[in-house]
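Starting from the two chains in their separate frames, assemble the complex, guided by the hints.
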Amino acid sequence: MKPQIAATGEAMATDTILSVNNIEVVFNEVILVLRGLNLNVQRGKITALLGTNGAGKSTTLKAITNLLASEDGEVTRGSIQYEGEDITEIGPEALVRKGVFLVMEGRGILQDMTVIENLRLGAYSRPKAKLKEEIEEVFRFFPRLKERTGLAGYLSGGEQQMLAIGRAMMAKPKLILMDEPSMGLSPLLVKEVFGIIKRLNRELGISILLVEQNANMALHVADEGYIMENGKIVLDGSAQELMDNEDVKEFYLGGGGERRSFKDIKSYKRRKRWL
Amino acid sequence: MKWELFFQLLINGLIVGMLYGVVAMCFVLIYKSTQVVNFAQGEFLVLGAWVCLALVTNMQLPFFLAFIFTLIFMVAFGIIVQTVILRPLIGEPIISVIMVTIGLSIFMQALMNWIFGNDAKRFPDVFGTTDVINIAGLNVEVAYLLSLVLSVVIMAVFFWFFRFTRHGLAMRATAFDQQIAQSLGISVKQTFAMAWAISAMVSGVAGIVIGIVNSVSNSLAFVGIKVFPAVILGGLDSIVGAVVGGIIVGVLENLAEFADGQYLHLGNLYTIAPFYVLIIILMIKPYGLFGTKDIERI
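For the protein sequence lines, the chains are R and S, in the order given. Heads up, the first sequence is in our numbering, so the first residue is 1 and it goes up one at a time. Heads up, the second sequence is in our numbering, so the first residue is 1 and it goes up one at a time.
For lysine-lysine, the following BS3-like pairs were computed, each having C-alpha atoms within a straight-line distance of at most 27 Å:
no.	chain 1	residue 1	chain 2	residue 2
1	R	K198	R	K249
2	R	K130	R	K174
3	R	K146	R	K132
4	S	K189	R	K174
5	R	K98	S	K189
6	S	K189	R	K128
7	R	K146	R	K130
8	R	K146	R	K198
9	R	K198	R	K172
10	R	K45	R	K174
11	S	K189	R	K172
12	R	K172	R	K146
Simulated from the structure, these hints should not be mistaken for laboratory data.
Isolated chain S, as found in the complex (with noise of 0.2 Å):
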């Protein structure tokens, strides 16, 4: 048994699944606020990276001011999304909702595919990202310990800002119930262009860092599909329960590569391994690890 090869695949996992875990906080905040399952979360992520690549790189700007410009142009996009298509669905079933949000996926991976090309492309290394630094015997690449940083810092202002800020709180209310909130002065349009308006932003961050740590490229909105099982895992309401999933899914994934390639000699666990414990999970846990048992209703 190789340890070391062990210990390298499940810090790369713990890594990748805190990542997986921010976009799927992302997915579940649109839909505990909106009730929309966005099936297009994955390409919004596609969509900050790629931004965020042609400002560094076709226009020349230093990182920081293209990560900031891309924070809002994505804020902006989340509340097009949300105001234009899917304001005139709200009371339309939810199947018309599920069918919009997996149009507007396709049509937005033909429209990357078309303006920013088919090629992965890579960031210039700004941090020297490719470095690599010791870690008691492990070694680790910068740019996840840069992207760990920040699923962390990301995660930590996510529970700040539903813990104790007024709009954070207007949205937990909006999720709770939408008349009890309009009763109290909230504006549940206002929250819900919001949710897009956040969940858009985030995503563009998490595709900006795996941007960096990978390449980016059209086929990122994978991480879009690895989000299903680490929300429905955490159970599809519960923000802590994404992270919780995020993370259990990046695991898995590693440690099946590890099991894989030293003794089942399958090929592409990777990609599987997370379904099938996904499949254990709900089997035992039908409302998942964290979510209210009445989400059936919805």
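Chain R extracted, bound-state conformation (with noise of 0.2 Å):
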């Protein structure tokens, strides 16, 4: 099965929650960072994206969550539509009471706050919402977590990446941006964390854009995959075609037909191929 070249995502199918159409993403007015970028995340589904340091991979979903603006970066072209509304140009907090969550790389965890506290500000969006019960049912999902009582600066790396997605989850969203949640993790948590996002998408519903360089690990909870190079959609299909590709299991994969010699993989050659 060949996967096909980069969707233009201008046809909007009816359970498309998100997608981003050709952005352009510059920062301090002159580096170009994404060149015309085009995405689509599924209702209900885990859309995996994938790529290398320095792909744009972060860039992208700041720029979903127009959080460009502390970095000094913007938008200067394309549109991104979540619910068949144009969100381009949104504030990074009305986007949040949309549903659109935003789990930052490195956790973004509030390190001199309590477990609890910041718990409580997953849920700031909503104002009513009933903080006790719904800081249980996080619980019940992380049982670890209730257990900490301290600053949230001394949990552990995946203490901290739990209490991040637990964080998600208060507000209540639609749509999760993940931004590595892998990152810094020992494989058995990373484990652990991929099957933690499976729940949160068959349980809750939640549909999530998952940003990852573990492409093995993130194709595996993976319905739908982009697969991404220098600020461009180069390869995208479902997750199994894309773990079926030769050139994916030889870059993001390791290994994958036939063993060859370091010569043969050089860099030149993806980009004939991809771009």
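Shown next as structure tokens:
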């Protein structure tokens, strides 16, 4: 099965919750980071966005959530639509109220606050939240967080990631954007965290856009995937299609096909194929 | 050694120190959440005192009503200062922001001099504040006791606000990391305005209290200067540190007064003693008693 080259994303299917159409992001008015990026997230699905360091994955998420301004970046072309509504210019806090929540890279935990305070802030956008019951619900998902009464900064990396995900749950979002949840975690914890992501999706029906470098794990939980290089989508398809793709196996999953020598896997080769 | 005088001055120091602590808290609140060093904090306090006094004496309002109106006025004032003067400066070098707050301080001094005059005026005796009660052999003015109670109440409210309320937590989140706060749905602009509003309001309360204890005049802005050693002693970004620093400065002043009056006879040690101690403490603990270490990056 041959994966298709990136879809244009203009045709919006009814079950598309988020569509990013041909956006361009420029930093400091000169540095072009995203060059015409298209992607769609289907409602109720997990979509993985894969790519190497510096491909522009985190920038994509910040463009969607409008957090670029504080880093001197801006979307100069294209549009972003959430549930059929243009959100390209909307403020980050309005977006959270609409149900899009970003779990930032490095978890974005408020280290000098307690676990409970972090969770309470997750529900900041919903003033009428029933905090006590909802926090209990998060603790049902993450029993080990309940025992941690100290400051969040003293939690282990895995616990901090769980807290970040629990905090996202408190916002009761429809769509969670996750930036490298596996960063800095041991393989066992990575497995646990991805299990949780899958549960969020299956049990709570939250659509997820998962940005990852760990392509193997990400494609195992995802329904669909995009592969990104140099600010562009170079390949997309269902997770299964991507896992079966020879190039993806070779560059992202390791192994695959017959063993080749290092000189065959030069970078120009994949450029030639994909760009 | 006159122990009676010693204890009297110690009590005075504690009470005045608590007030310094309250103003220092306001200063730290602005610094911590918006990274602005507000040199006009003392003028905020004077403004609150003048407005309340004008409402009581010129408009003949009952004190309680005047107090409430002053609070509302100070909240509006804080929001206007933040949105009109400081919001356009976000992202500008720290020195520009400092120059603007110094400018604001001078501007407010001149304006208040013009509107309210240069003379000290007394509040009408609202609570029988000049009465003196005797506690364990020491004479304490009722006004001082009232100010002590009010300081403690303000501190308790601050504690409750930052620990348990949604907006208090949002302010702490913004102080910790603005991008994280935004990603949680917190409006940074709104939080900044709120920090200035609360700071101006509480400074106003402190101004009214000091105005009742002493009298209202433009020279009350000296509290804004006293707050610097208090805040730096406590470590610039710590609210607890501000309170402790305030109390230390208040007590030190009065102990210096005692030592000076009894033994040294140098004169005016009262005003400068806190600054000497400040220098010594900063030599030992450069980040203040409670400050976080990465503060120098700001």
